[in-house]
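Novice: From first to last, the protein sequence lines are chains A and B.
Here the first sequence is numbered in our numbering, starting from 1 and rising by one per residue.
Here the second sequence is numbered in our numbering, starting from 1 and rising by one per residue.
Simulated from the structure, these hints should not be mistaken for lab results.
Careful: at least some of the hints might be erroneous.
[As the list claims (entries may be wrong)] The calculated lysine-lysine pairs, modelled on DSS-like cross-linking and capped at a C-alpha distance of 30 Å, are:
no. : chain 1 : residue 1 : chain 2 : residue 2
1   : B       : K289      : A       : K26
2   : B       : K153      : A       : K26
3   : B       : K147      : B       : K210
4   : B       : K153      : A       : K188
5   : A       : K189      : B       : K179
6   : A       : K26       : B       : K2
7   : B       : K210      : B       : K153
8   : B       : K239      : B       : K153
9   : B       : K224      : A       : K189
10  : B       : K289      : B       : K2
11  : A       : K189      : B       : K68
12  : B       : K270      : B       : K224
[As the list claims (entries may be wrong)] Far from chain B, some chain A residues (derived; all Cβ distances over 12 Å):
no. : residue
13  : G58
14  : L136
15  : H213
16  : G230
[Said to hold, decoys possible] What the simulated footprint calls covered on chain A by chain B, stretch by stretch (three residues with Cβ under 8 Å from a Cβ of chain B suffice, anywhere in the stretch; the number is not a length):
no. : stretch
17  : 27–38
18  : 45–56
19  : 102–108
20  : 161–174
21  : 215–226
We put the beta carbon where it would ideally sit given N, CA and C, even for glycine.
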Amino acid sequence: MEQEKIAFLEEKARALRVSIVKTLHKSQSGHTGGSLSAIDMVTALYFHTMRHDPENPGWEERDRFILSKGHAAPAQYVTLAEAGYFPKEDLMMLRRLGSHLQGHPDSKGTPGVEVCTGSLGQGLSMANGMALGLRLDNSRSRIYVLLGDGELQEGQVWEAVMSAAHYRLDNLCAMVDANGLQIDGEVKKVMNVGPIGDKFRAFGWHVIEIDGHDMAAITGALESAERTKGKPTVIVASTVKGKGVPRFEHKASYHGVAPNDEELNEALICLGCFED
Amino acid sequence: MKATRDAYGETLAQLGEQDRDIVVLDADLSGSTKTAVFAKKFPDRFFNMGIAEANMVGTAAGLAAVGKVPFVSTFAIFAAGRAWEQIRQSVAYPKANVKIVPTHGGVTVGEDGGSHQSVEDIAIMRAIPNMTVIVPADALETREAVKAAAAHKGPVYIRLGRNKVPEIFNDDYRFAIGKGCELASGNDMTFISTGLMTAQAVQAAALLGKEGISARVVHMATIKPLDQEIVLKAARETKAIVTAEEHSVIGGLGSAVAELLAEQQPTPIKRAGIHDRFGTSGKADELIKYFGLTPDDLAEAARELLGRK
Ligand SMILES: Cc1ncc(C[n+]2csc(CCOP(=O)(O)OP(=O)(O)O)c2C)c(N)n1
Ligand SMILES: [Mg+2]
Numbered sequence: 001m002e003q004e005k006i007a008f009l010e011e012k013a014r015a016l017r018v019s020i021v022k023t024l025h026k027s028q029s030g031h032t033g034g035s036l037s038a039i040d041m042v043t044a045l046y047f048h049t050m051r052h053d054p055e056n057p058g059w060e061e062r063d064r065f066i067l068s069k070g071h072a073a074p075a076q077y078v079t080l081a082e083a084g085y086f087p088k089e090d091l092m093m094l095r096r097l098g099s100h101l102q103g104h105p106d107s108k109g110t111p112g113v114e115v116c117t118g119s120l121g122q123g124l125s126m127a128n129g130m131a132l133g134l135r136l137d138n139s140r141s142r143i144y145v146l147l148g149d150g151e152l153q154e155g156q157v158w159e160a161v162m163s164a165a166h167y168r169l170d171n172l173c174a175m176v177d178a179n180g181l182q183i184d185g186e187v188k189k190v191m192n193v194g195p196i197g198d199k200f201r202a203f204g205w206h207v208i209e210i211d212g213h214d215m216a217a218i219t220g221a222l223e224s225a226e227r228t229k230g231k232p233t234v235i236v237a238s239t240v241k242g243k244g245v246p247r248f249e250h251k252a253s254y255h256g257v258a259p260n261d262e263e264l265n266e267a268l269i270c271l272g273c274f275e276d
Numbered sequence: 001m002k003a004t005r006d007a008y009g010e011t012l013a014q015l016g017e018q019d020r021d022i023v024v025l026d027a028d029l030s031g032s033t034k035t036a037v038f039a040k041k042f043p044d045r046f047f048n049m050g051i052a053e054a055n056m057v058g059t060a061a062g063l064a065a066v067g068k069v070p071f072v073s074t075f076a077i078f079a080a081g082r083a084w085e086q087i088r089q090s091v092a093y094p095k096a097n098v099k100i101v102p103t104h105g106g107v108t109v110g111e112d113g114g115s116h117q118s119v120e121d122i123a124i125m126r127a128i129p130n131m132t133v134i135v136p137a138d139a140l141e142t143r144e145a146v147k148a149a150a151a152h153k154g155p156v157y158i159r160l161g162r163n164k165v166p167e168i169f170n171d172d173y174r175f176a177i178g179k180g181c182e183l184a185s186g187n188d189m190t191f192i193s194t195g196l197m198t199a200q201a202v203q204a205a206a207l208l209g210k211e212g213i214s215a216r217v218v219h220m221a222t223i224k225p226l227d228q229e230i231v232l233k234a235a236r237e238t239k240a241i242v243t244a245e246e247h248s249v250i251g252g253l254g255s256a257v258a259e260l261l262a263e264q265q266p267t268p269i270k271r272a273g274i275h276d277r278f279g280t281s282g283k284a285d286e287l288i289k290y291f292g293l294t295p296d297d298l299a300e301a302a303r304e305l306l307g308r309k
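Excised from the complex, chain B in its bound form (with noise of 0.2 Å):
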């Protein structure tokens, strides 16, 4: 168990050593974010801009613009909310070479509650052309995806999360910007999750294997540009598709999905998710209970769906 904001600033750290282009900028929150691991061995390369986040990422384009590679962080909801149009004008209309890496995104933020909880972040990030968006599910997924990115030219947003989270991956893991994987077979109904949900939905497939339901679990890092090919590929093979992500239902993982199988592919789905609402103060475990996330929820809509109650 590791959280993929821990895993950011190690990666950082040593992407830094590697690339003296790399910069870093935060929020007064690299505490939470994990850039401080940067900013103590590269202190030069490192801004606090205090809590002025629209600044911060006006500035992040600047850099971009002469060369640098900056990487921007603060929580989800204040990089993509607040600063949400220095992005779409300043960074994504002219391409820049610019890495939002927000932690504590979704509602497992936990007590700080909904003013806190970025449930819409990927869905207004997502609809920015020239964006690129990520959510990782695990520690060693957010190094592959981080590196990927620093390699990446172009803007990119990478959703890191604030609690440990269980390991998905191994070290003969090929992460590739794009490219949903497989994670579990199936030919029955197909699970497609991203972010923290993917371990639900490894855990739902389970479950439903138990009663001989035959699901898939493809884990989709990419929601933007998503990987087509293997959602396509699973709606031809398998009768039903749960999207699973923690985040609303609208204009995230579970509508790119809708919007791609409605034209290309019509298929059952269902899409599991915060449904039109903000979030709430409680703790991560209470709030995936009650926004109805638990691999029994998941396994639960999978029935559903292939008319099996």
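Same shape as in the complex, but just chain A (with noise of 0.2 Å):
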């Protein structure tokens, strides 16, 4: 892809960056780490592959994309404010009583938000379902999903792993957003589940390993899904998580933490802006 909208998607996301933090900071609750190690690959999806119209959620030809790891709601949030599916001064009541913007995505009241996630392990199944059914009505449409590692330790995970390819799901493309860590701590050490290509492979799916916070090779890999015919692609992408804010990267601690006032001007110093 060129130079240029590579550079436009990456400042999309460092803009998305700032959006999270200062979001999660006005909320005071909320899950940082898994919201920054995920937002590159968001934005990619919103910003380029998705057909998508905010101006018309319910457009029926769109594609649709399932947060299944939806403690990371905050990506989704800044992104579909970001994109107009409603007035970022929303974002402002995150967590908030009466807010539309749950602690987790609520397809009941968020336009842009297609099923309600947040108990982990649920979202491939649901996704699957999606392109079962719009695979019936011969729709050109495509599923994205996105996954935590640690989330893949739910046996429900593997159960849809196993029917997507059975069922040939190749409308459906998973994303892993592979950052090793989950709450008590390192993946691999809490219940290891790689080598989780190999894993993906032996059921059956097309596997691309990638770098996730590198905005060419995630486009690509999304590329190289649609192309991909009579099998689901999964995009193992690894990933750091709290990515852009070294004070979180790497680090089980800021999981489910919000930002206080001196991380916040600290990470809008790191992602090159000062408080407005």
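Make the complex out of the two chains shown on their own, each in a separate frame, by following the hints.
Specialist: Below is the structure:
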């Protein structure tokens, strides 16, 4: 892809990181690490790969995105707001009583959110259902679903991995945010799920392994997924939890903690801007 | 003020010293459920099962089958919800000696929202034969309930909370599974409450007292088996009953009390709780107001029943 487009997406992702830390600082509750590790992929989906219309969230021919690791809701919310699904001011109401921006994605209230997630392990099954249903309708819509690496410990994920391959869901692309951390520590120490790529391959998937912060690699992998016929694709993306703010990087302790005043200022400096 | 989950972690670590058969399992939430306190002291007898609650419960059933006493913890929604059938088939059906002790029950989980707020767990646990269901009101009662569960042979579900709650009991309190506890005497009406709602009921009784309404408060830590005697006594001696729980009114304490009264001692009753709704994001105290669980709400329910509006 041309250099300009990559630079555009990288700048979007940087601005969305700023929006994530500001939003979480305002709510003083929510998940910092996993939102920052996922945002490059979410940015590529909404501003490059997916066919969607923020003016018409229910457009039947849209591609669909499911955030199976629902605790990274801030990453999806800032992206939906940036794309124009709802006013950016709504972000300041994250997790407040009466806000449509619930702690975890809620399709009943937030335009652009397709299903409810937050209880880990259920997103890929719902994605499979959407892929099966849309295929029945001869739709050309594609389904994208983002999972955490800790989330892969749920047995339901592997039931879904099996059925996606069985039903040859080539209109489906899963992405694994492989940041190597969960809440109680390193994924490989808590309950090893590796080698992730080999497991998906053994189940019959097309596997692409990339650096999940390399925008050219992300968009390239998404294009390769779209060209792959007869089987589902998984993009196993090596990422850094808390990416973009050194203080948050590689730390399980920032999994579910929102930045305080000092951390916000530090984050804004790291992300190349100052408090406005 | 102390969270029931903090008392749980301390008590587990203490029990672990006395009983070498106690083992603890968690699903990537050991810092939140406080099983980490046990894990630090007895790393060999702690098993982090990762984010895999169904497998965790099945594994606990296996540990129990070879003589261990497993305590299993995660958030209430994932313990009772994700692993419900494993609890039914692998734990309760064989009467396995497994203690399921989740934290973060109810709506006071707060900002995480409806996906994380378990308002049905008491109902679905109570429906399973062989299951004992306990919801302690404070830290001290949690300590006693966890000890009693360890001593009890068979499945027990103890629902704990996320936030600090006021102290209700002192060291003189004798907890027993299946026994309610009268915290305030009264003869006009009775509050029957469980968990953190007992503190609200005590305050509601005080409000009513100022208006000349004499309200009894019965704390019902064990929802199953229900202390029928204390409920029927309240029904005979007072004119009305208001139940209070941080849970759906469908299937929980309110249902248990209403079922008993309907068959044995029909009595005017109101059930305070969550009325067939999911939870939502907000601060814990805001949600207590939002769902009508404040002392004022409870007092108002009592006035309505007594026809004193
Ligand atoms: C079924 C279920 N169990 C437990 C949790 C609590 N929880 C929320 S996030 C999380 C860790 C997730 O780790 P991972 O999937 O690696 O996400 P990331 O590192 O991207 O944040 C856990 C255990 C949950 N949301 N759902
Ligand atoms: Mg992870």
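Novice: Each hint needs a verdict: does it hold in this structure or not?
Specialist: Evaluation of the provided hints:
1. B:K289 to A:K26: 23 Å, holds
2. B:K153 to A:K26: 48 Å, violated
3. B:K147 to B:K210: 38 Å, violated
4. B:K153 to A:K188: Not OK: K153 of chain B and K188 of chain A at ~35 Å, beyond 30 Å, violated.
5. A:K189 to B:K179: Distance of about 43 Å is beyond 30 Å: violated.
6. A:K26 to B:K2: 27 Å, holds
7. B:K210 to B:K153: Outside the cut-off at roughly 45 Å; violated.
8. B:K239 to B:K153: Measuring from Cα to Cα gives roughly 38 Å; hence the hint is violated.
9. B:K224 to A:K189: It is violated: about 38 Å lies between the C-alpha atoms, which goes past 30 Å.
10. B:K289 to B:K2: 21 Å, holds
11. A:K189 to B:K68: 24 Å, holds
12. B:K270 to B:K224: 20 Å, holds
13. G58: Given a closest Cβ separation of 22 Å, the condition holds.
14. L136: 29 Å, holds
15. H213: 24 Å, holds
16. G230: With a cut-off of 12 Å, G230 of chain A remains clear of chain B, as the shortest Cβ separation is near 31 Å.
17. 27–38: holds (count 3)
18. 45–56: With 0 residues closer than 8 Å to chain B, the stretch 45–56 of chain A misses the three-residue bar; violated.
19. 102–108: With 4 residues close enough to chain B, the hint holds.
20. 161–174: violated (count 0)
21. 215–226: violated (count 0)
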